[in-house]
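Asker: Letter by letter, the chains look like this.
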Amino acid sequence: MTENLLLVYQSLPYLLRGSMVTLKLIGGALAIGLIMGIPMAVGQVYGNKYVANLISFYVWFFRGLPVLVLLFLFYFGLFLLLGFNLTALTAAILVLGFRSAAYQSQIFRGGIMSIGEGQMLSARSLGMSKFQAIWNIILPQALRISIPGWSNEYSIILKDSAVTYAIGLMEIITRGNFIATRTYQPMPIFLTCAVIFLILTYGGVKLLSILEKKIRIPGYSNYGNSGKEY
Amino acid sequence: MSDLYFIRDIILPPLLEGTLVTVKLIVLSIPLGLILGILIAVGRVYGNKFISSLCTIYTLFFRGTPLLVQLFIIYYALPSIGIFFSPFMAAVIGFILCSGAYHSEYIRGAIQSIKIGQMMAAEALGMSRIKAVLYIILPQALRRAIPGCSNEIIYLIKYSSLAFMVTCVELTGAGKIVATRFFKYTEVFLVVGIIYLLVVSVVTKFLNILEKKLRIPGLE
Amino acid sequence: MHEDNKIILKVEEIYKRYREEEVLRGISFEVRKSETKVIIGPSGSGKSTLLRCINQLTIPDKGRVWLEGEEVTHTKENINKFRQKMGMVFQDFNLFDHLNALRNVEIGLIRVKGMGKDIAREKAMEELKQVGLEKQAYLYPAQLSGGQKQRVSIARALAMDPSVMLFDEPTSALDPELIGEVLEVIKKLAINGMTMVVVTHEMGFARSVANEVIFIESGRIIDQGSPYKLFTNPEHERTKKFLYKITELYGKSGEGNE
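Residue numbers (the numbering used here), protein chains in the order written: chain A, 295 to 524; chain B, 25 to 244; chain C, 8 to 265.
If you are wondering where the hints come from, they were derived from the structure by calculation, not from laboratory data.
No experiment lies behind these values; they were computed from the predicted model shown.
Just to be clear, a hint being listed does not mean it is correct.
Restraint-style ranges between C-beta atoms, simulated for each label pair [as the list claims (entries may be wrong)]:
| id | chain 1 | residue 1 | chain 2 | residue 2 | range |
| --- | --- | --- | --- | --- | --- |
| 1 | A | 346 | C | 142 | 23 to 29 Å |
| 2 | B | 109 | A | 300 | 50 to 56 Å |
| 3 | A | 505 | B | 108 | 41 to 47 Å |
| 4 | A | 413 | B | 109 | 31 to 37 Å |
| 5 | A | 510 | B | 225 | 34 to 40 Å |
| 6 | C | 142 | A | 510 | 49 to 55 Å |
| 7 | B | 107 | A | 510 | 43 to 49 Å |
| 8 | A | 375 | B | 109 | 35 to 41 Å |
By construction, the Cβ of each residue, glycine as well, lies at the ideal position given by its N, Cα and C atoms.
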């Protein structure tokens with residue numbers, strides 16, 4: 295038992311450097327997803343038919359394919375085909391980013407659509423252009439409403455980051471596997487990896503829920519009671 | 025152009041074999057994962073403190089760690105304490121445990137959204153807790169959980185690709201092997217992608233029809 | 008009317024506290040066979056809690072309940088055995104949303120009493136006929152009006168052949184024009200000799216059907232007596248005040264339903 299703990303202790307720095315890679319990966323991917331996702335959502339709700347259909351197709355493609363397939367397709371195929379020679383990290387950020395854009399656009403789209411028509415109507419009647427209305431009235435509300443869904447997206451991307459093992463990115467599980475095969479001690483190492491992910495997942499979700507509370511719009515409901523008495 | 029058809033004759037057969045493995049994986053994992061999800065959700069909502077905590081810990085672990093890590097633990101780490109699984113079995117077990125946790129969250133939410141009066145009326149008639157949950161609560165909760173659970177089923181179909189990471193050669197694995205041999209990554213993975221999209225579309229359609237059939241008249 | 012003066016339901020010194028508030032402070036009464044007891048009182052006075060303490064959906068902190076001589080509280084025996092003999096009708100109907108009216112009435116017979124499916128169906132149909140809803144048997148709760156829902160819920164409770172019926176403000180959640188049909192059903196029950204405890208705001212109904220009226224306020228029985236005595240000459244000031252408020256709200260004698 296103590297040798298296991300010693301092993302874990304010794305492996306920690308190496309694994310934690312992997313988590314730095316993971317965080318870079320997630321940060322980049324979420325950022326790309328955000329920057330692309332918001333305009334895509336706006337385009338789907340307010341854009342003309344062609345724009346909306348194009349976006350729908352993009353979403354269908356990037357949500358319909360498994361992450362692993364996307365990674366293989368782009369890293370070994372498309373990027374090379376198009377002449378780019380990217381590192382595993384860059385390729386991973388791009389692929390996860392494009393995919394996240396597809397998911398985030400739907401989260402924001404839901405947020406936008408849940409805002410009553412009346413908001414847009416009153417904004418326009420004040421004289422705002424469609425763009426001004428979206429920027430000043432719709433989006434600030436839609437984005438706040440979307441935080442729970444976005445928090446979900448964070449936790450999904452964090453778990454998807456592990457799949458980049460398949461293209462050799464030196465993140466947490468890749469490093470874990472490296473150590474495990476050399477020391478023949480897979481159990482303590484992989485459990486440690488699991489714990490690192492647990493901390494990142496729930497820590498991140500907690501931070502996001504603190505953020506949500508800080509910028510919350512008053513007025514939401516809840517449910518439930520399944521105790522033995524009424 | 026003939027190049028294309030020629031390649032299809034070489035690429036497609038192994039891919040279809042891989043698809044068969046994928047189908048076997050999901051046919052086993054989906055129903056069992058769903059059942060596990062129901063059990064965990066009921067245990068968490070109606071169980072005593074011990075059972076409820078156990079279910080909560082299970083859910084926290086399997087939703088808080090990547091599926092890949094879980095698969096590695098099952099396939100690579102368990103042997104070190106004497107438990108051996110074939111790649112296929114390891115993948116199936118991992119899928120069941122992981123999707124069970126996600127299903128349980130959707131079902132739990134659905135259970136808790138059922139008005140408390142339903143349980144009251146059931147108990148007032150003289151039904152025991154178990155009967156009330158079985159005949160009154162679950163039939164309604166499961167209907168409400170359909171969107172979420174359908175979502176999770178689609179996820180599982182896509183994540184079945186991770187079976188390859190523990191050396192079970194399903195569709196994606198078959199694709200990688202063929203692509204590496206012929207150096208045709210883009211073509212092969214586009215075909216792989218199309219197959220996944222087809223499977224997902226068919227299953228989505230099926231689930232939509234199922235939801236319509238189970239709808240309670242007058243409600244929503 | 009009926010020779011049999013057996014005590015069907017006995018409630019003794021019921022106390023119940025929710026967090027800071029003591030909702031019931033020592034309620035006691037008896038209900039004899041075929042008696043209709045009506046309980047009135049301001050909102051929040053614990054009337055609903057009281058009914059739920061009777062069939063133990065809420066466990067009282069102190070006090071005991073007997074049904075037909077057998078103790079219900081602190082019983083080692085399955086509480087479900089007693090609940091089958093106490094029919095409860097809720098303010099919010101609480102029909103099982105995923106079942107049609109007929110199935111709602113049958114399910115207790117099939118799953119709790121273990122009746123065969125065919126017999127249960129026959130009996131359920133019969134009960135629905137009694138409340139005037141055999142045409143709606145295959146409709147789902149979401150397709151029924153409030154009054155119809157409540158009548159199904161009464162049929163559901165009656166199908167179990169209870170010894171006593173407990174009504175928790177059965178018409179409070181109904182639109183005014185639907186109240187009458189439900190009160191009719193309850194009146195019919197009373198005339199046919201069902202033992203009942205009814206919590207209600209419907210004063211006209213209370214006057215015409217109750218054998219005894221109990222006024223509860225702040226968790227205690229303030230006044231108790233025949234409808235005539237309570238409505239025309241109440242002993243206590245608080246009773247007078249309450250009745251005055253109610254008649255203001257609901258009009259003279261509090262009905263249009265007689």
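Asker: Look at each hint and say if it fits the structure.
Answerer: Cross-check of the supplied hints:
1. 346/A - 142/C: 23 to 29 Å: violated (48 Å)
2. 109/B - 300/A: 50 to 56 Å: violated (29 Å)
3. 505/A - 108/B: 41 to 47 Å: Holds - the Cβ-Cβ distance for residue 505/A and residue 108/B, about 45 Å, lies within 41 to 47 Å.
4. 413/A - 109/B: 31 to 37 Å: violated (55 Å)
5. 510/A - 225/B: 34 to 40 Å: Holds: the Cβ-Cβ distance is about 38 Å, inside 34 to 40 Å.
6. 142/C - 510/A: 49 to 55 Å: holds (50 Å)
7. 107/B - 510/A: 43 to 49 Å: holds (47 Å)
8. 375/A - 109/B: 35 to 41 Å: Roughly 38 Å apart at Cβ, these two residues keep to the hinted range, so it holds.
Violated hints for the displayed structure, listed by number in ascending order: 1, 2, 4.
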